[in-house]
Amino acid sequence: MRNLSEVNLGKEELVILGIETSCDETAAAVVRNGREVLSNVIYSQIDLHTLYGGVVPEIASRKHIEKINQVIEQALHEAGKTLEQIDAIAVTYGPGLVGALLVGVSAAKAISYATKLPLIGVHHIEGHISANYIEQEELKPPFICLVVSGGHSHLVLVKDYGSYEIIGRTRDDAAGEAYDKVARAIGLGYPGGPKIDKIAKEGNPEAIHFPRAKVENSSFDFSFSGLKSSVLNYLNGMQMKNEPICVPDVAASFQKAVVDVLVEHSMAAVLQYGINRFAIAGGVASNSAIRSALREACLCNHVEFFHPSPIYCTDNAAMIAVAGYYDYQNGIRSGLDLNAVANLKLGER
Amino acid sequence: MKVLGIDSSGLVASIAIAEDDRLIAEYTIQYKKTHSQTLLPMLEEVAKMVDLDLNSIDVIAVSQGPGSFTGLRIGAATVKGLGLALRKPIVGVPTIESLANQLYGVPCLICPIMDARRGQVYTGLYRFVEERVADSQQELFEYRLQTQKEQCIAQIDEIAKIMNQIGEKVIFTGDGIPVYREQLASLMTVPYSFAPLNRNRQSAASIATLGYRYYKEGKITKAGDFHPEYLRLSQAERERKEKSEENAGNKGNDRT
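Chains A and B, in that order, are what the protein sequence lines are. Going by the working numbering, the first sequence opens with residue 3, and the numbers climb by one from there. Going by the working numbering, the second sequence opens with residue 14, and the numbers climb by one from there.
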């Protein structure tokens, strides 16, 4: 046990154990003072799910329960810490697959109860946004953040640490979802994001013009299902005419359509809110085309551009510990009745 | 020797603390709230009530399955977290055996049935047999639960058929009863009975009882290695397996 006087003497050190099991990565990490990652362990199940062309919730949950302790113990070990040297536990409690979330939440609650450590339930997207704090010391709220992943496409106004306003969201498919569906249709398989990104480099992004969907009455909301259908229609049409399909061109043109929409909405948000800091987050944020287009757009608009390294873009627990750190500073604590919430909204508790 | 017992395999959430042959506390609820919201607050409350020092626990026993997939995982993740933090071993107790074990000494067959949906139940077949207690006075005996059929997954009509063939009296227990009561009435041709409410659902005291025995037999698991026994594949794995078996059958031309 850390002795209290040590804390009171202004040691000012806060070490947080983060746990994340919202989808198909079992992850744990130890982070000091919200910005310094002491360990970041991720067990990815992706090979298991590739067999099924996507994440199977029951299989993911079963794997989480097998791996959870091992991952937590490894994170503590790599950080050179024991549970006695941890100050609080942060765990993702939503949004995500409820059965998968429950593994992390139940384990975190049990550890918190047995060690009497404070527990902090963290929003998964809040984690992704907070991943930006890890390597970019100069990044501080307020800023605009584009969160793009397999399950999410959000434009978020980060007003302060732990204070968010969603200013744009997808009306149908998430960007990552559209990538997966298009990748399947052109025979690239799962996961679609990295595969399309890779093959698109060999294609011509202007070869086929796919639509850039506008959502009525909202300049920041996204819609990707129309784009996806348009790609599928194009593929069907070519097949009917017995014409060959150039996969790199389709991939590059599809990706260009996604990128254009993301860039346009992001820059519109930055200009409207008059904020000159912009960050990206989420699994799709490590996509090279999206990243370089946003970087360029920010440069043109004199906006500072921030992005996490790929390891912090993917689902990880370091970002959960970082978000948990700021929640902790804001006085947020969760009880032992903390539940997993599959459709948890950002900014709600 | 102190055992913490936990069962969240079905509709019941149950916590028990036992020391040697004394049940210090048992807290069981069967209510609509999810186990995720109830299990740890229950443990916290009961532990406070009996001034439990968590570090004094020697072993954590838990219902290992079968049961509700999510319920089993909430129990498993909870004991794994406790085991990790307290550095205590885990004993996994088969859920069906723990249900049967509550009917100590009944002179007939015991058939637990847990609703497994899809027209199936998790079940098994047990009976108590007399055994003289070693190194004791001549007259002292105990009933020992003997497994006639290991826990498995089955259709209710198969179970009735087997019972009718064996031709002995049987007691049913478990949450499959309300689901299959009427079907059993039309299928059973041998005398049968249903366990009463104080014995017909999962109980952490029963988990602790068996957990204590298994612990003495050395059947312990490290918290990190512990995982539930589901007795059933996920739907995606099942469908994939069926498909590949179908393909194999087609290739071999041996499908009828």
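By construction, these hints were calculated from the structure, which means they are not laboratory data. The beta carbon of each residue, even a glycine, is placed where N, CA and C say it ideally should be. Hints are not guaranteed to be accurate.
[To be verified] Here are the computed lysine-lysine pairs in the DSSO-like style, where the Cα-Cα straight-line distance is at most 30 Å: (1) B:K45 with A:K347; (2) B:K254 with B:K229; (3) A:K183 with B:K254; (4) B:K182 with B:K256; (5) A:K83 with B:K45; (6) B:K235 with B:K101; (7) B:K254 with A:K197; (8) B:K256 with A:K197; (9) A:K183 with B:K229; (10) A:K118 with B:K254; (11) A:K197 with A:K243; (12) B:K229 with B:K101; (13) B:K235 with A:K118; (14) B:K256 with B:K61; (15) A:K161 with A:K200; (16) A:K118 with B:K101; (17) B:K101 with B:K61; (18) B:K162 with A:K118; (19) A:K216 with A:K183; (20) B:K46 with B:K61; (21) A:K216 with A:K203; (22) A:K243 with A:K203; (23) A:K243 with A:K183; (24) A:K347 with B:K254; (25) A:K118 with A:K83; (26) A:K347 with A:K118; (27) B:K162 with B:K61; (28) A:K216 with A:K200; (29) B:K256 with A:K118; (30) B:K254 with B:K61; (31) B:K254 with B:K182; (32) A:K83 with B:K101; (33) B:K162 with B:K235; (34) A:K161 with A:K183; (35) B:K256 with B:K232; (36) B:K174 with A:K118; (37) A:K203 with A:K183.
[Stated by the list, open to error] Listed next, the stretches of chain A that the computed footprint assigns to chain B, with coverage defined by at least 3 CB atoms under 8 Å from CB atoms of chain B: (38) 48-61; (39) 71-83; (40) 107-120.
Each hint, compared with the structure:
For the given pair, K45 (chain B) sits about 24 Å from K347 (chain A) by alpha-carbon distance, which is consistent with the 30 Å threshold. At roughly 39 Å between alpha-carbon atoms, K254 (chain B) and K229 (chain B) are farther apart than 30 Å, so this suggested pair is violated. Restraint check for K183 (chain A) and K254 (chain B): the C-alpha separation of about 24 Å stays at or below 30 Å, so the hint holds. Of the supplied pair hints, the one linking K182 (chain B) and K256 (chain B) is violated, its CA atoms being roughly 41 Å apart against a limit of 30 Å.
Between the alpha carbons of K83 (chain A) and K45 (chain B) the distance comes to roughly 40 Å, so the proposed pair goes past 30 Å and is violated. Of the pairs offered as hints, the one joining K235 (chain B) and K101 (chain B) holds, with about 8 Å between alpha carbons and a cut-off of 30 Å not exceeded. Restraint check for K254 (chain B) and K197 (chain A): the C-alpha separation of about 27 Å stays at or below 30 Å, so the hint holds. The hinted pair formed by K256 (chain B) and K197 (chain A) meets the criterion: a straight-line CA distance of about 27 Å does not exceed 30 Å.
Proposed proximity of K183 (chain A) and K229 (chain B) is contradicted: the alpha carbons are some 54 Å apart, above 30 Å. With a CA separation close to 45 Å, the supplied pair K118 (chain A) and K254 (chain B) exceeds the 30 Å bound. For a cut-off of 30 Å, the pair hint linking K197 (chain A) to K243 (chain A) stands: about 27 Å separates their Cα positions. This hinted pair checks out: K229 (chain B) and K101 (chain B) have alpha carbons roughly 15 Å apart, not beyond 30 Å.
Between K235 (chain B) and K118 (chain A) the CA atoms are separated by roughly 22 Å; this keeps the pair inside 30 Å, and the hint holds. Straight-line distance between C-alpha atoms of K256 (chain B) and K61 (chain B) comes to about 53 Å, which puts the hinted pair past the 30 Å bound. For the given pair, K161 (chain A) sits about 35 Å from K200 (chain A) by alpha-carbon distance, which is inconsistent with the 30 Å threshold. In summary, the hint linking K118 (chain A) to K101 (chain B) is supported, as the alpha carbons are separated by about 17 Å, within the 30 Å threshold.
At most 30 Å may separate the alpha-carbon atoms for a hinted pair to count; K101 (chain B) and K61 (chain B) meet this at roughly 20 Å. In summary, the hint linking K162 (chain B) to K118 (chain A) is not supported, as the alpha carbons are separated by about 43 Å, beyond the 30 Å threshold. Between K216 (chain A) and K183 (chain A) the CA atoms are separated by roughly 20 Å; this keeps the pair inside 30 Å, and the hint holds. Note on K46 (chain B) and K61 (chain B): the hinted pairing holds, with a Cα-Cα distance of about 22 Å set against a maximum of 30 Å.
Taken as a hint, the K216 (chain A) and K203 (chain A) pair is honoured in the structure, with Cα atoms around 26 Å apart against an allowance of 30 Å. The suggested pairing of K243 (chain A) with K203 (chain A) holds, with an alpha-carbon distance near 27 Å, which does not exceed 30 Å. For the hint pairing K243 (chain A) with K183 (chain A), the CA-to-CA distance comes to about 23 Å; that is within 30 Å, so the pair holds. Taking the CA atoms of K347 (chain A) and K254 (chain B), the gap is about 37 Å. The hint is violated against a cut of 30 Å.
With a C-alpha separation of about 17 Å, the suggested pair K118 (chain A) and K83 (chain A) falls inside the 30 Å cut-off, and the hint holds. About 28 Å separates the Cα atoms of K347 (chain A) and K118 (chain A), which keeps this hinted pair within 30 Å; it holds. For the given pair, K162 (chain B) sits about 40 Å from K61 (chain B) by alpha-carbon distance, which is inconsistent with the 30 Å threshold. For a cut-off of 30 Å, the pair hint linking K216 (chain A) to K200 (chain A) stands: about 27 Å separates their Cα positions.
A distance of roughly 49 Å separates the Cα atoms of K256 (chain B) and K118 (chain A); the hinted pair therefore is violated under the 30 Å criterion. Restraint check for K254 (chain B) and K61 (chain B): not satisfied, since their Cα atoms lie roughly 48 Å apart, outside the 30 Å limit. In summary, the hint linking K254 (chain B) to K182 (chain B) is not supported, as the alpha carbons are separated by about 38 Å, beyond the 30 Å threshold. With a C-alpha separation of about 19 Å, the suggested pairing of K83 (chain A) with K101 (chain B) holds against the 30 Å cut-off.
For the proposed pair K162 (chain B) and K235 (chain B), the alpha carbon gap of about 28 Å is at most 30 Å, so the pair holds. About 34 Å separates the Cα atoms of K161 (chain A) and K183 (chain A), which puts this hinted pair outside 30 Å; it is violated. Straight-line distance between C-alpha atoms of K256 (chain B) and K232 (chain B) comes to about 37 Å, which puts the hinted pair past the 30 Å bound. Of the pairs offered as hints, the one joining K174 (chain B) and K118 (chain A) is violated, with about 53 Å between alpha carbons and a cut-off of 30 Å exceeded.
For the suggested pair K203 (chain A) and K183 (chain A), the alpha carbons sit about 19 Å apart, so the restraint of at most 30 Å is met. Residue count for the stretch 48-61 of chain A with a Cβ under 8 Å from a Cβ of chain B: 5. That meets the three needed, and the coverage hint holds. Only when three residues or more bring their CB closer than 8 Å to a CB of chain B does the claim for the stretch 71-83 of chain A stand; here the count is 4, and the claim holds. A count of 10 residues in the stretch 107-120 of chain A with a Cβ less than 8 Å from any Cβ of chain B is obtained; the coverage claim is therefore met, three being the minimum.
Comparing the model with each earlier hint shows violations of hints 2, 4, 5, 9, 10, 14, 15, 18, 24, 27, 29, 30, 31, 34, 35, 36; every other hint is respected.
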